[in-house]
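Trainee: Build the full structure now, drawing on both the sequences and the hints.
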Amino acid sequence: ASLIYSLWPGYLKEEKLNWFHDWLNKNKIPLKHCHTSGHAPTFDLQRFANAIKADRLVPIHSFEPDLYPEYFENVEIQNDGKWWTI
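Note that our numbering has the sequence shown beginning at -13, numbered continuously upward.
Read the hints as simulated data drawn from the structure, not as lab findings.
Check each hint, because a few of them may be wrong.
Unchecked claim - Capping the alpha-carbon separation at 27 angstroms, the derived lysine-lysine pairs in BS3-like fashion look like this:
| # | residue 1 | residue 2 |
| --- | --- | --- |
| 1 | 12 | -1 |
| 2 | 14 | 2 |
| 3 | 12 | 2 |
| 4 | 18 | 39 |
| 5 | 2 | 18 |
| 6 | 18 | -1 |
| 7 | 68 | 39 |
Stated by the list, open to error - Cβ pair distances, simulated, as ranges:
| # | residue 1 | residue 2 | range |
| --- | --- | --- | --- |
| 8 | 27 | 59 | 13 to 21 angstroms |
| 9 | 69 | 25 | 22 to 30 angstroms |
| 10 | 23 | 65 | 18 to 26 angstroms |
| 11 | 39 | 5 | 39 to 47 angstroms |
Glycine is no exception: its CB is placed at the ideal position from the N, C-alpha and C atoms.
Mentor: Written out as structure tokens, the structure is:
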């Protein structure tokens, strides 16, 4: 087995993850880092939204969700941490 880790590598240096490194080592599981950015440019997001033709678009993990209606149709704003039904 191998673990592919795709988040910012700085998280792995946090002391609270020592148990995780110990577990990987104990189980001889190598960790491969392959960072993928979750920060797509607006143009790419617009192309994606147009391609999937979703009934609604809900901004997730955004610093400025209230700006989405300026760039997209069918936007539904949901608050972080709030459960909602699809």
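Trainee: Using the beta carbons of residue 69 and residue 25, state whether their distance is inside 22 to 30 angstroms or not.
Mentor: 25 angstroms Cβ-Cβ, so the 22 to 30 angstroms window holds.
Trainee: Take a quick look at whether residue 18 and residue -1 sit within 27 angstroms of each other, Cα to Cα.
Mentor: holds, 15 angstroms
Trainee: Are the Cα positions of residue 68 and residue 39 separated by 27 angstroms at most?
Mentor: This hinted pair holds, its Cα atoms lying about 25 angstroms apart.
Trainee: Take the C-alpha atoms of residue 18 and residue 39, compute the straight-line distance between them, and say whether it is at most 27 angstroms.
Mentor: violated, 35 angstroms
Trainee: Given the hinted pair residue 12 and residue -1, is their Cα-Cα distance within 27 angstroms?
Mentor: Given pair residue 12, residue -1 holds - Cα atoms ~18 angstroms apart, limit 27 angstroms.
Trainee: Taking the Cβ atom of residue 27 and the Cβ atom of residue 59, is their distance within the range 13 to 21 angstroms?
Mentor: The hint (13 to 21 angstroms, Cβ to Cβ) holds, given that residue 27 and residue 59 are roughly 18 angstroms apart.
Trainee: With respect to the beta-carbon atoms only, verify the hint that residue 23 and residue 65 lie 18 to 26 angstroms apart.
Mentor: holds, 24 angstroms
Trainee: For the pair residue 39 and residue 5, does the Cβ-Cβ distance stay inside 39 to 47 angstroms?
Mentor: holds, 44 angstroms
Trainee: For a C-alpha distance cap of 27 angstroms, please report whether residue 14 and residue 2 respect it.
Mentor: This hinted pair holds, its Cα atoms lying about 20 angstroms apart.
Trainee: Given the proposed pairing of residue 12 with residue 2, does the C-alpha separation stay at or below 27 angstroms?
Mentor: Given pair residue 12, residue 2 holds - Cα atoms ~17 angstroms apart, limit 27 angstroms.
Trainee: With the threshold set at 27 angstroms, check whether the alpha-carbon distance from residue 2 to residue 18 stays at or below it.
Mentor: holds, 20 angstroms
In this structure, the one hint that does not hold is number 4.
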